[in-house]
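The lines below spell out each chain.
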Amino acid sequence: MIISRETLRIALGNTKFKVGLAIILIFILWAIIGPLLTPFDNMGYYPVKFGERIAPKPSLPSLKPGSIGEIFTPQGVVKVKHYLGTDSFGRDIYAQLVYGLKSSLVIGLIAGGLATLIGLLIGFVAGYKGGWTDEGLMMITNIMLVIPTMALLIIIAAYLPYRGVGIESLIIGLTAWPWTARAVRAQTLSLKRRGFVELAKISGMRESKILLKEILPNMMSYVFMVFILQFGGSILAAVGLDFIGLGPTRGMSLGIMLQQAVLWNAINLGYWWWAIPPGLVIAILITGLYLINTGLDEIFNPRLRRE
Amino acid sequence: MLRVNDLKVYYKTPSGYIKAVDGVSFEVKKGEIFGIAGESGCGKSTLVNSLILRKPPMIHMGGEALLEGKDIMTLDEKEYRKIRYTKISIIPQYSLNALNPTKKIREIVWDLAKEHGYTDKEEIESKLRERLRMVSLSEQVANMYPIELSGGMKQRVVMVVSTLLDPKILIADEITSALDVTNQRIILELLYYFIKEEKIVDSIIFITHDIGLLDKIADRIMVMYAGKAVEIGPTEKIINKPTHPYTQLLLNSLPRLGINYEKERLQGIPGEPPALLKPPSGCRLHPRCPYATDICTMKEPEMIEIEKSHFVACHMYRG
Amino acid sequence: MKNGSMLRVENLTKVFNTGFIKGFEIRAVDDVSFTINKGEIVSLIGESGSGKTTIGKLILHLLTPTSGRILFKNRDISKLKGADLKAYYQDVQGVFQDPFSSVNPLHRVDHVFDIIFENLLKDVDEKEKNVLVEDALRNVKLNPKNILGKYPHQLSGGQLQRVLLARALILRPQLLIADEIVSMLDASVRIGVLNLLGEFRDKYGMSVLFITHDLSLGYYISDKAIIMYRGRIVEMGDIKKVFHNPLHPYTQMLLQSVPDLNVKWEFKKRIEPEKEEKGIYAISGCRYVFRCPRKVEICQKDRPELLEVEKNHWVACHMYKR
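Protein chains in written order, with the numbering used here: chain A, 1 to 307; chain B, 1 to 319; chain C, 1 to 322.
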């Protein structure tokens with residue numbers, strides 16, 4: 001009902017949308033399957049069994065992409081291929097990349113989802129209720145909007161001794177909603193004044209039903225686009241946090257990879273395979289999301305359709 | 001003044017061409033107000049907009065429009081910019097929103113004049129003041145922002161701006177449809193005054209869906225239906241002795257003061273205007289026409305002159 | 001006049017405030033009283049900003065009046081809630097100006113009927129419902145086969161407006177608020193929709209409040225006219241009396257401005273263009289004083305009351321004070 005067959009037809013005829021969607025789907029698939037197919041853990045170490053215990057062991061340091069690394073284990077020397085080489089500590093870059101991609105996508109999903117949800121809720125209530133509810137909610141939103149988000153993130157992140165991917169998503173999600181709230185409020189205000197709301201009222205429809213059945217469905221396409229934007233924004237925000245060293249204390253992400261590559265002079269030492277892949281993946285990911293968004297714009301807004 | 005010959009303007013869509021204007025010919029004479037009437041989607045707006053600015057998906061498929069002997073359909077954008085506002089000018093349908101809201105009227109006018117090579121700012125501004133007086137606005141309006149003006153005042157300002165560089169032809173596209181009746185009358189009076197008394201413009205093309213307005217202001221009327229001209233003639237003839245069935249039906253469906261439901265039942269035209277993606281064969285009116293015969297479904301009627309300067313495209317009047 | 005009075009509006013006032021701080025008042029409807037009798041079509045005529053649409057919304061309980069009362073069959077509607085309000089909507093229905101914005105673009109047109117049966121006609125079973133809907137569509141001269149199951153954008157404005165009329169009429173309302181229902185339709189289909197209103201009145205004795213800015217349409221369909229200017233009634237009464245013997249200077253000017261085919265215009269006498277109307281809602285006198293060619297001193301200070309100058313013909317102008 002919400003996404004009609006007609007919309008779907010137009011969507012699949014839109015090249016930008018198709019390309020963007022393909023990129024994102026491939027990345028998601030890669031992030032799911034990739035970690036299963038590499039013998040290394042999320043930090044790029046090789047897990048070695050010492051009886052009951054598992055100890056992560058590095059391979060040979062600074063190997064070029066495609067080289068064969070050697071890991072010394074009690075069972076003997078294990079030879080493994082490093083698709084993207086190893087870093088200065090002998091950790092597998094490819095494993096870091098797929099695990100990093102996975103955590104970045106998870107952050108995008110949780111943080112972006114959270115920001116969209118909060119923004120939608122606040123914007124919707126403010127727009128529909130109006131009056132003092134509106135004034136109050138918009139005051140909070142505007143205050144949140146003028147506080148520089150990055151500074152706030154840094155302060156919050158710095159005070160937390162332990163930070164995981166979940167906490168990072170939460171911090172980002174809780175700070176990224178204000179502009180969504182404003183946009184959703186504006187949408188609700190305009191929808192509320194549309195004639196079909198009045199028609200539903202004089203048809204004896206209850207207010208709660210009008211909200212759910214008449215107004216909300218009309219916002220779904222918009223909310224979907226907002227989510228895509230928030231998704232990309234959250235990934236970038238996380239990369240930013242990671243890069244200045246406030247990312248997850250344990251685990252790997254694309255931002256942490258970049259941070260470490262810079263920290264250990266990967267570029268100066270000519271280890272391009274350490275610095276370039278995470279940057280490239282981020283760039284392609286954001287491009288894909290951007291393409292989906294402009295594509296969606298053309299799909300939902302008939303005036304932008306180029307035929 | 002302006003001669004349009006067999007003009008065809010289509011819109012390109014994924015499902016084919018929309019034949020919005022399909023072989024229309026007419027002439028606008030010096031000193032006259034030429035009215036174009038028709039229902040929504042008849043192509044009247046496309047017709048005049050194609051004379052000013054063609055951009056995709058609007059495509060010029062054939063025919064010519066000669067302004068002072070020169071075909072303006074083949075001009076490129078750069079050549080065109082030179083004659084816009086000086087030779088031919090339009091007051092667009094949504095002109096109430098056409099003024100840049102961040103600039104004062106004075107600045108809007110000066111930007112426009114500068115673009116057309118005017119250098120004397122004082123001359124332009126005194127002209128602006130004079131014209132504002134002409135449309136019963138105070139000189140102060142020049143220093144106001146568009147947002148400070150009411151709908152009727154804005155419409156008058158747009159009139160002044162569009163005609164400031166004394167264009168030969170002024171096109172007024174549904175300029176009164178968003179206005180109240182009193183403001184509508186004021187605008188009509190001003191148009192009349194601009195052309196007949198002040199002679200600021202040479203000709204006016206007035207487009208409207210309300211043929212009653214043309215009765216008041218136009219010298220000649222062209223009635224359009226589904227992308228075609230069906231009847232062209234002097235206003236008096238069109239209103240009092242309409243010959244094409246469509247013109248007759250349209251006039252009969254118009255309520256007039258003095259006609260009340262209790263006394264006299266008016267009839268609309270049955271059916272709906274056709275989609276121009278696949279217009280009906282033959283005469284495009286035939287599915288709605290009470291006089292339609294076999295030939296109407298097969299052959300397209302040609303425009304014939306049934307009396308002096310009164311043209312009609314209908315099979316009933318052949319030979 | 002008293003027998004069969006269906007709707008009585010008494011001293012109705014609606015004030016809108018713009019902005020929370022430093023806003024100003026717009027008295028969209030200001031002390032308006034009139035009645036609509038059974039089987040009567042009443043035109044509420046005014047230009048933009050006259051308050052005509054606000055009155056329609058107040059009667060449809062979509063807005064709450066600032067003061068004054070609306071009595072439907074002698075019952076004040078302002079306190080209606082829940083089941084009572086639903087019962088009210090069975091008797092009083094509305095059709096609005098823009099058919100396309102009146103329907104939810106995501107739903108098929110059937111939806112406008114569905115919500116009526118879900119909320120107002122719960123007892124009707126599915127089979128009966130289909131018969132009712134198809135009959136209603138045929139009544140407005142539409143073929144149900146070409147309409148049902150379609151999305152709004154697949155219909156023309158004229159067809160959609162008929163669907164919405166059918167929706168309202170399915171309830172057999174006793175009063176229909178028709179707010180500019182033909183102003184967005186083409187001339188050739190306009191008159192058909194108006195005739196439908198007349199036919200329904202003749203058949204079922206339905207009353208209609210026909211809100212319009214178009215005087216000739218108002219004249220064509222109505223029995224009575226109410227002329228409004230800036231929130232106040234300036235003249236009202238029997239349609240023929242108001243149109244053939246307009247008394248208020250505003251009504252006179254309006255009628256002069258109608259591009260009627262019967263009259264020739266002379267472009268000599270210039271009509272006074274609108275002027276700055278700052279503080280129009282604050283002045284104590286007649287609101288038309290800014291544009292009135294015949295204003296005198298008293299018009300600035302005292303607000304003229306509606307006076308019955310001849311039988312069934314009221315005017316609010318100091319010229320007619322006895």
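Watch out, some of these pointers could steer you wrong.
To be verified - Below, simulated DSS-like cross-link-like pairs (lysine-lysine); rule was C-alpha separation at most 27 Å, straight line:
#1 Lys-237(B) to Lys-114(B)
#2 Lys-79(C) to Lys-201(A)
#3 Lys-201(A) to Lys-295(C)
#4 Lys-311(C) to Lys-201(A)
#5 Lys-196(B) to Lys-237(B)
#6 Lys-213(A) to Lys-38(C)
#7 Lys-127(C) to Lys-129(A)
#8 Lys-86(C) to Lys-192(A)
#9 Lys-213(A) to Lys-150(C)
#10 Lys-18(A) to Lys-12(B)
#11 Lys-263(B) to Lys-81(C)
#12 Lys-213(A) to Lys-129(C)
#13 Lys-121(B) to Lys-168(B)
#14 Lys-192(A) to Lys-127(C)
#15 Lys-237(B) to Lys-16(A)
#16 Lys-127(C) to Lys-209(A)
#17 Lys-12(B) to Lys-299(B)
#18 Lys-263(B) to Lys-241(C)
#19 Lys-209(A) to Lys-79(C)
#20 Lys-295(C) to Lys-213(A)
#21 Lys-201(A) to Lys-241(C)
#22 Lys-263(B) to Lys-141(C)
#23 Lys-264(C) to Lys-192(A)
#24 Lys-264(C) to Lys-29(B)
#25 Lys-264(C) to Lys-196(B)
#26 Lys-209(A) to Lys-141(C)
#27 Lys-264(C) to Lys-199(B)
#28 Lys-150(C) to Lys-278(B)
#29 Lys-192(A) to Lys-241(C)
#30 Lys-12(B) to Lys-141(C)
#31 Lys-127(B) to Lys-55(B)
#32 Lys-237(B) to Lys-141(C)
These are calculated hints, taken from the structure and not from any lab test.
None of these values were measured; they are calculated from a predicted model.
Between Lys-196(B) and Lys-237(B), is the straight-line Cα distance small enough, at 27 Å or below?
21 Å, holds
Satisfaction of hint between Lys-150(C) and Lys-213(A), Cα-Cα up to 27 Å
Given pair Lys-213(A), Lys-150(C) holds - Cα atoms ~19 Å apart, limit 27 Å.
Is Lys-263(B) close enough to Lys-241(C), meaning Cα to Cα at most 27 Å?
Between Lys-263(B) and Lys-241(C) the Cα gap is close to 16 Å, so the pair holds against 27 Å.
Take a quick look at whether Lys-201(A) and Lys-241(C) sit within 27 Å of each other, Cα to Cα.
37 Å, violated
For a C-alpha distance cap of 27 Å, please report whether Lys-295(C) and Lys-213(A) respect it.
Answer violated: Lys-295(C) to Lys-213(A) is near 54 Å, above 27 Å.
Lys-264(C) paired with Lys-29(B) [C-alpha distance capped at 27 Å]:
Between Lys-264(C) and Lys-29(B) the Cα gap is close to 23 Å, so the pair holds against 27 Å.
Does the structure keep Lys-192(A) and Lys-241(C) at a Cα separation of 27 Å or less?
Answer violated: Lys-192(A) to Lys-241(C) is near 41 Å, above 27 Å.
Is it true that the CA of Lys-127(C) sits at most 27 Å from the CA of Lys-129(A)?
Cα-Cα ~39 Å, so violated.
Tell me if the straight-line CA distance from Lys-201(A) to Lys-295(C) falls inside 27 Å.
44 Å, violated
Pairwise hint evaluation, Lys-201(A) against Lys-311(C), where the allowed Cα distance is 27 Å at most:
39 Å, violated
Agreement of Lys-86(C) and Lys-192(A) with the hint, judged by alpha carbon distance not exceeding 27 Å:
21 Å, holds
Does Lys-16(A) lie within 27 Å of Lys-237(B) when you go C-alpha to C-alpha?
It is violated: about 56 Å lies between the C-alpha atoms, which goes past 27 Å.
Violated hints, in rising order: 1, 3, 4, 6, 7, 11, 14, 15, 20, 21, 23, 26, 29, 30, 31 and 32; the structure is consistent with all others.
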